[in-house]
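Chemist: Residue numbers (our numbering), protein chains in the order written: chain Y, 848 to 1017; chain P, 848 to 1017.
Be a bit skeptical, because a hint or two may be false.
Intra- or inter-copy, both count: the list cannot distinguish identical chains.
[Said to hold, decoys possible] Below, simulated DSBU-like cross-link-like pairs (lysine-lysine); rule was C-alpha separation at most 30 angstroms, straight line:
id: 1; residue 1: LYS934; residue 2: LYS916
id: 2; residue 1: LYS916; residue 2: LYS971
id: 3; residue 1: LYS907; residue 2: LYS971
Just so you know, these hints were derived from the structure itself, not from any lab.
2 protein chains.
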Amino acid sequence: MIQDFIRQRRSVRKYLARPVDIEIIHSILEAGMSAPSAGNQRPWDFIVVTDHDVIERMSKTGPNSLPAKDAPVVILITGDTSRERYKGYWPVDCAAATENMLLEITRLGLGAVWLGVHPVAERKEYLQNLFQLPSAIHPFAMISLGYTDVDLNNERESRYDMSRVHYNRW
Amino acid sequence: MIQDFIRQRRSVRKYLARPVDIEIIHSILEAGMSAPSAGNQRPWDFIVVTDHDVIERMSKTGPNSLPAKDAPVVILITGDTSRERYKGYWPVDCAAATENMLLEITRLGLGAVWLGVHPVAERKEYLQNLFQLPSAIHPFAMISLGYTDVDLNNERESRYDMSRVHYNRW
């Protein structure tokens, strides 16, 4: 089987200091923007942060965001409700983009973790203040990423659970 | 470059009558269950529908679900709020699983489209009634899928949009 980064993907919270080239970042963002969205409304923006002081402050968004602290790059995904033609779908669209980015990061041999923000109000407000976001721009999630010495190629056991599968009826 | 199904994925709404083997369905579901979720809460279930009468009724969920009508398989992804340890994250988790499934379908050479349900109340109620779902089980989205004669291997132009990318600040 060809490289199976859907099954290889795992949450990686330890990163090397090695910087990440802009071509890698571009590829990750392009993967995000290749995700489907409701009626192709593409409601997202991406704030790519490499400034260590800003990353330090991002890592204090919530108890789950601590792993960002030592990452060379953190990407904040935001949803723009002014672009919404299908009301209420922006978090769904942002989630698909975020997952695409995690898979692309895996494909490129780096490690990353999804740091949930939406729908926790305190986390959203914290980031809205930190980045002085316009009112239509809603923080959705952060991805902290970098090269890692965690072994990403080892076999994962299947996460298939037959008790979650139903045929033709509930 | 190896097969790049993140960029190849597209919405496919026309399917051949050819049946889809259970091994293919298993692989798609396993990809869905390989998605990350908040605190690994894995709040999803999957209803795999091949019964044509049920598919016919699913295709009437909303104006966007019409393409399901001629699909040999439709999968309904649901979120179980009784499994939620991180309140409000179930739609985010279900979206990541749904995107993984679309990518796996692309990898396997089939075509599919994401039919949005959540957060539209009428669509959720319609499916809750159709499948007589327990109250903790919330319809999230449907995927209609099948073999297709749409050309899935042609080069896609990049969907990268530099106006959506910000560095270190908004």
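Chemist: Among all the numbered hints in the text so far, which are the ones the structure does not match?
Modeler: none
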